[in-house]
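Trainee: Work out the full structure: start from the sequences and follow the hints.
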Amino acid sequence: MIKLGFPSLSTSIGQIPIEEAANIACEVIKEFLNSHKNDLDFQLILIDQDDQNLNVFESEWEKFRDSEESRFQMKLGNFAEIIIENKIGLKPDTTPLSKSLYEAIGSKLFEEIKRLYPKPGAIGEAYPVPIPPDNEFWKKGVKQIIYIISPNMNPSRPDPVSLEVAKNALKESYQSMLNAFWALKNGQQYIPKEQQSQEKSAFDVMMDFARNTFSTSKPKKKSSSTHIGSWSTVLLPYCEHPETFSNREVYSYDDNVVIIWDKYPKAKIHLLVMPRQKIDTLQELEKQDLNLIEILKQKGQQVIDHFKENDPKLVFRMGFHVLPSLRQLHMHVISQDFISETLSSKKHWNSFTTSFFKDIEEIEMLLKEKGQIKVCLGKYLLSLLKSPLNCHLCNTKEIKNIPTLKKHLEEHLNSDGQ
Numbered sequence: 001m002i003k004l005g006f007p008s009l010s011t012s013i014g015q016i017p018i019e020e021a022a023n024i025a026c027e028v029i030k031e032f033l034n035s036h037k038n039d040l041d042f043q044l045i046l047i048d049q050d051d052q053n054l055n056v057f058e059s060e061w062e063k064f065r066d067s068e069e070s071r072f073q074m075k076l077g078n079f080a081e082i083i084i085e086n087k088i089g090l091k092p093d094t095t096p097l098s099k100s101l102y103e104a105i106g107s108k109l110f111e112e113i114k115r116l117y118p119k120p121g122a123i124g125e126a127y128p129v130p131i132p133p134d135n136e137f138w139k140k141g142v143k144q145i146i147y148i149i150s151p152n153m154n155p156s157r158p159d160p161v162s163l164e165v166a167k168n169a170l171k172e173s174y175q176s177m178l179n180a181f182w183a184l185k186n187g188q189q190y191i192p193k194e195q196q197s198q199e200k201s202a203f204d205v206m207m208d209f210a211r212n213t214f215s216t217s218k219p220k221k222k223s224s225s226t227h228i229g230s231w232s233t234v235l236l237p238y239c240e241h242p243e244t245f246s247n248r249e250v251y252s253y254d255d256n257v258v259i260i261w262d263k264y265p266k267a268k269i270h271l272l273v274m275p276r277q278k279i280d281t282l283q284e285l286e287k288q289d290l291n292l293i294e295i296l297k298q299k300g301q302q303v304i305d306h307f308k309e310n311d312p313k314l315v316f317r318m319g320f321h322v323l324p325s326l327r328q329l330h331m332h333v334i335s336q337d338f339i340s341e342t343l344s345s346k347k348h349w350n351s352f353t354t355s356f357f358k359d360i361e362e363i364e365m366l367l368k369e370k371g372q373i374k375v376c377l378g379k380y381l382l383s384l385l386k387s388p389l390n391c392h393l394c395n396t397k398e399i400k401n402i403p404t405l406k407k408h409l410e411e412h413l414n415s416d417g418q
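For the sequence shown, the positions run 1 to 418 when full-length UniProt numbering is used.
In short, the hints are calculated from the structure, not lab data.
From a predicted model like this one, the values you see are computed outputs, not experimental measurements.
One or more of the hints may lead you astray.
[To be verified] Restricting the straight-line Cα-Cα distance to at most 30 Å, the calculated cross-link-like pairs of lysine-lysine (DSS-like) are: (1) K407 to K263; (2) K278 to K368; (3) K3 to K143; (4) K308 to K266; (5) K114 to K37; (6) K370 to K278.
[As the list claims (entries may be wrong)] Cβ-Cβ distance ranges computed for the label pairs, FRET-style: (7) E243 to P160: 35 to 45 Å; (8) S67 to E286: 47 to 57 Å; (9) L40 to N414: 27 to 37 Å; (10) L163 to K407: 30 to 40 Å; (11) D51 to Q302: 48 to 58 Å; (12) H241 to K37: 25 to 35 Å; (13) K185 to D66: 20 to 30 Å; (14) K75 to N256: 50 to 60 Å.
Ideal placement from N, C-alpha and C gives every residue a C-beta, glycine not left out.
Mentor: Shown next, in the form of structure tokens:
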């Protein structure tokens, strides 16, 4: 049994409210466990010295957990195992937790950090460091420390950010931590995103020159995204090099568009249709992009037609989240059954069933009439994600919770004979 021990990131020093942090952590952990449902040889353990913090996490986890799920546990006690939350400098003595581990492991840890990661780290990213084999920690079974660059809201510490920015970055931090753990568990090397393409061969340089010289595509627009960290950019590699991915990840691609399977589908059929051209958000679109929208619409319809050949009763929507969590413009093609293990929170549901989700026809109309897409980033937009759980197929309102909603959706599915 391989175990990952970790504290509640950014709550003690970073001052993110414990309720917000617990909700984010439990949502990410639930998605991670669902994506590895058949792997039973690992365990995630949240360790905290504050029993009140643990009570908040335990209460939040009850909203997400399956009755038989035992791969995530919470324990009260001193943390001295696998993960450290740190600040951007990647110094091993910048928090009380990392300082205590540094003192226990010794200077070899610091030397290895400097060797592996000579440049400053990125918020939301994970940086694994192996424990020296001659160290007592190694002999006790601790093989790796994972440094996490988690967000900070504490005004007395460097680079404090707002709650909304911190929440996005905290989600990325937990996702990076779990991705790093999974790679290490399976004997693979985890490379932080910003280090994956630092060095190019002479051939790569020549090919870049050729693409930039002879390309007839529209120049890339300047990004206006305010999201930070590595998780928000996970879609970009699919657009840049779709040929390097398997058909389990990439559904199809051509010179203009790539279509991928959503990694955490929220329905039976859930794909993302993206332009190969780099466009971060809807707000970057202009009237001259109507042709691009038409191409995305056609590609999405081809996907729908393909799946309806096998199951004519399937109903789909095509559209966009007005405030997406991921960079690179992506259109969702999603069946309206919403039968999925990874649909696990009110936010998931409301992001597809309220006006937080805009059909492609509405985007098309706005570009024709206004020449741009304006998004009001006010409380109303964020409040949509906290709306009551209302069924999108009937008049049932204010459903109690996600498990009850899923039972209700199953009833619709059975009554329709799907």
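Trainee: Could you run down the list of hints and mark each one as holding or not?
Mentor: Verification of the supplied hints:
1. Straight-line distance between C-alpha atoms of K407 and K263 comes to about 23 Å, which keeps the hinted pair within the 30 Å bound.
2. Taking the CA atoms of K278 and K368, the gap is near 22 Å; set against the 30 Å cutoff, the hint holds.
3. Between K3 and K143, the direct Cα distance comes to roughly 10 Å. Compliance with the 30 Å bound is thereby established for this hinted pair.
4. Of the pairs offered as hints, the one joining K308 and K266 holds, with about 18 Å between alpha carbons and a cut-off of 30 Å not exceeded.
5. For the given pair, K114 sits about 36 Å from K37 by alpha-carbon distance, which is inconsistent with the 30 Å threshold.
6. The suggested pairing of K370 with K278 holds, with an alpha-carbon distance near 22 Å, which does not exceed 30 Å.
7. Range check, E243 to P160: Cβ separation about 42 Å, and the 35 to 45 Å hint holds.
8. Checked against the hint of 47 to 57 Å, the C-beta distance between S67 and E286 comes to roughly 51 Å, which is consistent with it.
9. At roughly 30 Å, the beta carbons of L40 and N414 sit within the given window of 27 to 37 Å.
10. As the Cβ distance of L163 to K407 is approximately 34 Å, the hint placing it in 30 to 40 Å holds.
11. Checked against the hint of 48 to 58 Å, the pair D51 and Q302 passes, with Cβ atoms roughly 55 Å apart.
12. At about 29 Å, the CB distance of H241 to K37 agrees with the hint of 25 to 35 Å.
13. About 21 Å separates the C-beta atoms of K185 and D66, a value consistent with the hinted range of 20 to 30 Å.
14. Taking 50 to 60 Å as the suggested C-beta distance range, the pair K75 and N256 conforms, at roughly 51 Å.
The earlier numbered hint that this structure contradicts is number 5, and it is the only one.
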